[in-house]
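Engineer: Taken in order, these protein sequences are the chains called A and B.
Letter by letter, the first sequence follows residues 1 to 457 of the numbering used here.
Letter by letter, the second sequence follows residues 1001 to 1320 of the numbering used here.
It is worth saying that the hints were derived from the structure and are not from the lab.
A hint or two may mislead.
To be verified - If you want the footprint, here are the derived chain B segments under chain A, 3+ residues with CB under 8 angstroms:
id : stretch
1  : 1005 to 1011
2  : 1198 to 1207
3  : 1275 to 1281
4  : 1304 to 1314
Glycine included, every Cβ here is placed at the ideal spot set by N, Cα and C.
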Amino acid sequence: MALRRLSGVHAPHRKNTAAVAPVRMPVPAMLTIPMSMHIGAPAKPMVSPGDTVKVGQKIAEAGGFVSSPIYTGASGTVKKIEGVLASGGAYVPTVFIETDGQQEVSETVSPPEVTDLQSFLNAVRESGVVGLGGAGFPTAVKLAVKDLNQIEAVIINGAECEPYITSDTRTMLDDADLIMEGVALLQKYLEVKRIVFGIENNKPECIKKFQELTKGQKGVEVMALPSLYPQGGEKVLIYNVTGRMVPEGKLPLDVGAIVINCTTLAAIARYVKTGMPLIEKCVTVDGSAVKEPKNVIVPIGTPMKDVFEFCGGFKAEPKKVLYGGPMMGISVPDLEQPILKSTNAILAFDKKDAEPPRETACIKCGRCIAACPLNLMPADIETAFLLKDGAMLEKLRVNICMECGCCSFACPAKRPLVQTNKLAKQTLRAYQEAKKAEAEKAKAKEEAKKAEEAKTA
Amino acid sequence: MSENMIVSVSPHVRSGMTTQKIMAIVLIALIPAFAASIVFFGARAIAVVAVCACAAVISEYIFEKITKRPSTIGDLSAVVTGVLLAFNLPVSIPLWMAALGSAVAIVVVKQLFGGIGKNFANPAITARIVMLLAFPTAMTTWTAANTVIHTGAVDAVTGATPLGLMAAGETAALPGLSELFFGQCAGCLGETSALALLIGFVILLCTGVITWHTPVVYVATVFVFTWLIGEDPVRHILSGGLLLGAIFMATDYSSTPSTAWGRVIFGLGAGIITTFIRVWGNYPEGVSFSILLMNILTPHISNWTRSKPLGMIVEKKGAN
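Let the sequences and hints guide you as you build the complete structure.
Structural biologist: What follows is the structure, given as structure tokens:
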């Protein structure tokens, strides 16, 4: 087990929407489905403007090994395919589907034949499932393990440590049977000997539910984890469950672990059981500007504004709107942004909560250092970054930073330390590339000199 | 971008702690010692504290006005510096000297090095040392503490500090341990009452403003060291400015290390230097000097005690 308690911060919980079951919202007039909702190559559209589509129909195929196919959650007609400015700052090809409200299910939807590891991995790939906890890494790639003996433990991430978000909580409560079917699939095809549910102790009802469901099952355990942000961070979770820290530049599998979000596992199990791929998401809608916070089941591609409207609209002008939680969420430039595969929450904040606090001078109190789960020194990284000191950034290992936000959260001077870390990573990369180029140049020069000497001798 | 929405980098929620709140908590933690100073040294203690605090704030305001920098008097750090300096002065100090000392602390030690967070030495401690060298007589004229609550009617009598008596070998005149603990002895304004300072320590610890490392290690080092060389360890830790220094001055953020091990080393070093000065040095008290010397060593301590990132892979030397 974990030898030491990793640092973190006591972020406010604000799980206002945990107690109520999610509501399915009616299909919006238009779905805008981006072709890049995952890490890796964008998917390639298979439909053209004018085509009619049905629920569960594949509209784009995987654009490479690290990629994922995309399905539509509404029936209707493809209007256009064009680039749309996404929250990441790039134009992403997007399929616009005008819905007809018929919601006729496509005849392609049928349970896949799963008999062995290969067919299981194919099914995971075809399900369109990516890391639904927010990262969006294609799950089929994560599970494509060369040697199954490498897997010592699969951790099912039910930590849900971000404030506000309760969509995983709802999945655990409402789709517990699907999650348990997913557990059975992992045991059968990936031959996993140890499966651990990691759930923060602020969700006692989820812990109790899975303790009951896994009672007497061999190789499955439920671990109640302290409610300390970022408990659900992959490295933190692996450390707290297995006692091993993923080394820098390595993968969880290098320490024998795979982490799967609970909602991701449920989506895989649903596809294997019913053949219905990933077409909709349970999304927490909350924040100080939202009139009726709740969990909503939304077709992927639904513009945010329709979802907020379904929740009674705004009680104050939304000045900041986020994909995901307030600790790591991404703020969006407008309300046209669609619900993505990896969206687990959309939060809208009023003016008071939206404005970044005034930044004052660093007082060297060391709160950022004490808060960092990975023992980094954000205050020192900031100084090194301002001095453009690549060697020092290398020494301080800014590359390890997972951008969880604990340092910025804890800072009494309200300095944007995560932002600085992100920028410092670029400075470090440039420094390391320059160093490498210089070393190669010196090597080439030496070789040329040697060749010259050999010639003259 | 549309609809006038704010786009910023995460996190979008911050803790409620601010620099101003931290300084306010420090001021609250200083209240018990302030109350004790009024009880033992009379109403003049209020005047000294008020003059120091006002002079500190005014000099910070004027300096920032002249150098056209945004004013930082709102963060209360200047008030803390002023009050801490006042706590390190005898109650009989002429008020103009107290004001001058405050100005030195703020302008020379803090602002000339870049303001809050940038000063390498503790402003109050350094200003106290400057005053000790500039006004040796006024700075070492001690007033005996009142045995009853001061009425203002009786003129104060001068007395020697416990450490002064110890250095002079006049052990017979030493105050008892309970008098030392409650603060009924001669000394600087805010340093005499161990009880009041310990209440402040608990406040600072419970609010997370400081960690235990420096104060505990500092005091423990003095205790063990003086005990080893045959002095009275209890009397040593209760006398002089040790508790005031260990709790409020050696925990100053910008002039001390920010990692746990760095703070342990700081406390250890300060404890050793304090004992050396007290026992073998020319001055009866060594807390100020020891903290200043450790302030100077702080950048090195910080370099030695950098925290080790988890999962860090260290390239072996000579690997390529």
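Engineer: In ascending order, which of the hints set out earlier in this document are inconsistent with the structure?
Structural biologist: Of the numbered hints, 2 and 3 do not hold.
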